[in-house]
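If you're matching positions, the sequence shown starts at 12 in the working numbering and goes up one per residue.
Among the hints, a few may not be true.
Pairs of lysine to aspartate or glutamate, DMTMM-like flavour, derived with a Cα cap of 25 Å [claimed, not checked]: (1) Lys309 / Asp274; (2) Lys103 / Glu302; (3) Lys67 / Glu131; (4) Lys27 / Glu196; (5) Lys106 / Glu196; (6) Lys103 / Asp147.
For the record, the hints were derived by calculation from the structure and aren't laboratory data.
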Amino acid sequence: MELLKKTNIDFIGMRKFSFLASGLMAIIGLIGIIAIARGTANMGIDFSGGTEMQIKFAQPATTQSIRDALAKSGVKEVELQEITGGNQVLVKMHKSTGKSADQVADALKAGIPGNTFNVESSTEIGPSIGEKLKQDTLVAVALSMLGIILYIAWRFDFKFGVGAVVATMHDVLAMIAVFYVMHREVNILFITAVLTIAGYSLTDTVVVFDRIRENMHKSLKDPMITIFNRSINETLSRTIITSVTTFLAAVSLFLFGGEVIHDFAFALVVGVVVATYSSIFVASPIVALWEKHAVEAKAEAA
């Protein structure tokens, strides 16, 4: 199945614009990482500590009525998310509020007396657990980057390994940049989405790299830029088909998956777009320029 046939797009020639856009995203992503490390970003209770309750009401209740009922009892700094179907709501409170799950339940009983409810789940996460999760997350991301560069370097070449890692890091920074700019919550589901997209990005990049390696052996006399452009164009249809189908699945989760996985699905939607972009406009141009300089240096030495 091919959506595009015999394209001849100069992807490597667009590197100045793609590197500029990627550099801007990376800078914002680094700022976001600093904010996350300092705890000034919109951190979820997974990292900052707090209480999460899932409550099911007997009758429909709006988030505004719930918020007003909690505010009357002094429970003001809460996050409310409606769960589609079943009159359910997710209540999140950071540790800094000093309120417990029992106090929230008492506040709702007093504020909405005519609407009974059941607390279906209640989870409390201490700050020490959140800090450990943050440290484990950084270790997981670092180990995944190391694994990627070792795998690509073993299967292809060290230059390809570096290109794949740079592209994967670009994807991670871009996702962090989007969440930081939009002030979306950074929680354990977001980290799960980041690692998922890292794997997806690597798979897409390996397909392009495999065609590049194949063409490098077939066309020994062609310029490196030509070989890389030809390879990207030859795999472009496959890349688009894979990306579109994955994107549609992520969008379906975002639209119909419910509030609990809303941010996770949104991160996947952003990640699929960014990963497709990076495999074409980041990983391949980096390796192409590196290979070009290596060939020119070898020719000058000879």
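Results for each hint:
no., hint, in the structure
1, Lys309 / Asp274, "violated (49 Å)"
2, Lys103 / Glu302, "violated (51 Å)"
3, Lys67 / Glu131, "holds (7 Å)"
4, Lys27 / Glu196, "violated (33 Å)"
5, Lys106 / Glu196, "holds (15 Å)"
6, Lys103 / Asp147, "holds (23 Å)"
Checked against the numbered hints given earlier, the structure breaks hints 1, 2 and 4 and satisfies all the rest.
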